Amino acid sequence: MTKVAMTVNGKSVSREVEGRTLLVQFLRDDLRLTGTHVGCDTSQCGACVVHVNGEAVKSCTMFAAEAEGASVTTIEAMANEDGSLNTVQQAFQDYHGLQCGFCTPGMVMSATALLKDNPKPTEQEIREYLEGNICRCTGYHNIIKAIMAASGQEIPAIAAE
Amino acid sequence: MYAFDIERPTSLTDAVTALGREEAQALGGGQTLIPALKQRLAAPSVLVSLAGIAEMKGICMNDAGLLCIGGGTTHGTVAKGAVAHYPGLADLAAHIGDPAVRNRGTIGGSLANNDPSACYPAAALASGVTIVTNTRSIAADDFFEGMFTTALEEGEIITEVKFPIPEASCYIKFEQPASRFALVGVFVAKFAEGVRVAVTGASNNGVFRWTAAETALSANFSVGALDGLSVPAQDMIADLHGTAAYRAHLVAVMAKRAVAAAK
Chain C
1 MTKVAMTVNG
11 KSVSREVEGR
21 TLLVQFLRDD
31 LRLTGTHVGC
41 DTSQCGACVV
51 HVNGEAVKSC
61 TMFAAEAEGA
71 SVTTIEAMAN
81 EDGSLNTVQQ
91 AFQDYHGLQC
101 GFCTPGMVMS
111 ATALLKDNPK
121 PTEQEIREYL
131 EGNICRCTGY
141 HNIIKAIMAA
151 SGQEIPAIAA
161 E
Chain A
162 MYAFDIERPT
172 SLTDAVTALG
182 REEAQALGGG
192 QTLIPALKQR
202 LAAPSVLVSL
212 AGIAEMKGIC
222 MNDAGLLCIG
232 GGTTHGTVAK
242 GAVAHYPGLA
252 DLAAHIGDPA
262 VRNRGTIGGS
272 LANNDPSACY
282 PAAALASGVT
292 IVTNTRSIAA
302 DDFFEGMFTT
312 ALEEGEIITE
322 VKFPIPEASC
332 YIKFEQPASR
342 FALVGVFVAK
352 FAEGVRVAVT
362 GASNNGVFRW
372 TAAETALSAN
382 FSVGALDGLS
392 VPAQDMIADL
402 HGTAAYRAHL
412 VAVMAKRAVA
422 AAK
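Residue numbers (our numbering), protein chains in the order written: chain C, 1 to 161; chain A, 162 to 424.
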């Protein structure tokens, strides 16, 4: 077993973990933060995206021990302080950017990481950035619209719609 | 996954010591190794994470005009940090995997693994890099020894990769539609002393230089110089995604597109 200590959503946490414990297992099973989802467990789908030191990573493809000393942010910390949905989350609701909701935590975390680096992305930039996030319900158009709206931009007519 | 211990050295010296343990395995960004461990394709007794070694991270230009990239530098960092110095390399890094993968995967890990469909080996071979390890320097032409095989010794760590910067370059890949790995990828680098062309994804022997194209392009750097040239299909990978002949055809097509777009 290995001792691991990190900050998760602003709180210091410390646990004994196995070397092979994935960050997503640590978050879900040890900390009971089950908002981060495991869709594929093969690094493809992005439902497990969290932020480690401000960068989007797939928490199914990183060991908990590798996050030693890091600051980790999950979907549970995205809402406003009063519990209301934040701008990105609200836009997903407003533009029907989710149906079953399974991919949504990863979508919101990836979208947030994109907007941090690129506050006014084009539709194409959003589509490229979401390459590693798979949604099997919406067909993506409404997710793209939600992210455009969250960035304060006009919602374009999406050609393929 | 089988069980293993994990070590997190913060210096190169400690990492080398840790890798001296029985059945130890280096862990770069883990974007290839962790999926392999999940499939039980590897069973190390101890994983040595290189991610905490600050001296192996970063990008700089040295006095000799080489772009020096630490072995532990992520694709995302190269995509941003190399733009001003070597745009062809930055563009390659910006299209590996997806953004979250690029925030973890490292150049040293990619080169050490030498996946036959990885992008970085094409850049390294076409650029004629020098691969620096904890014990020596290895020329790119001596480094790649076939699919998943390199000149690295047991426990040897890539600490830095030194890129000569070409006058013009471009990497074009044809993505396998499901995995997005390169079905075929071609890196073209035009130097004052000649053109180098490296091909990934296509061959059973891993990344290789297409010398006939290099000769033609060194004489005349234009798309037309490649007319009529082709690589033999017998060494190409054949699988459900494409036949050997298809891959051989794609090599020439990707090379022409790379020449057309080189800058």
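Bear in mind the hints are in silico, worked out from the structure with no lab data behind them.
Values in this document were obtained by computation on a predicted structure and should not be read as measured data.
Hints may contain errors.
Away from chain A, derived, C-beta distances all over 10 Å, residues of chain C [as the list claims (entries may be wrong)]:
(1) E66
(2) D82
(3) S110
(4) A113
(5) E131
Derived DSSO-like pairs: lysine-lysine, alpha-carbon spacing no greater than 27 Å straight-line [claimed, not checked]:
(6) A:K218 to C:K116
(7) C:K3 to A:K199
(8) A:K199 to C:K116
Every residue gets a Cβ at the ideal spot worked out from N, C-alpha and C, and that includes glycine.
Okay, the hints, checked on the actual structure:
A cut-off of 10 Å between C-beta atoms contradicts the statement that C:E66 is not in contact with chain A; the least separation is 6 Å. Interface exclusion of C:D82 from chain A stands, the closest Cβ pair being 30 Å apart, more than 10 Å. Interface exclusion of C:S110 from chain A breaks down, the closest Cβ pair being 7 Å apart, not more than 10 Å. Under the 10 Å C-beta cut-off, the non-interface status given to C:A113 relative to chain A is violated; the minimum distance is some 7 Å.
Distance check for C:E131 against chain A: the nearest CB is about 4 Å away, which does not clear 10 Å, and the non-interface claim fails. Of the supplied pair hints, the one linking A:K218 and C:K116 holds, its CA atoms being roughly 23 Å apart against a limit of 27 Å. Distance restraint check for C:K3 and A:K199: the Cα-Cα separation of roughly 22 Å lies within the 27 Å cut-off, and the hinted pair is therefore satisfied. Of the pairs offered as hints, the one joining A:K199 and C:K116 is violated, with about 32 Å between alpha carbons and a cut-off of 27 Å exceeded.
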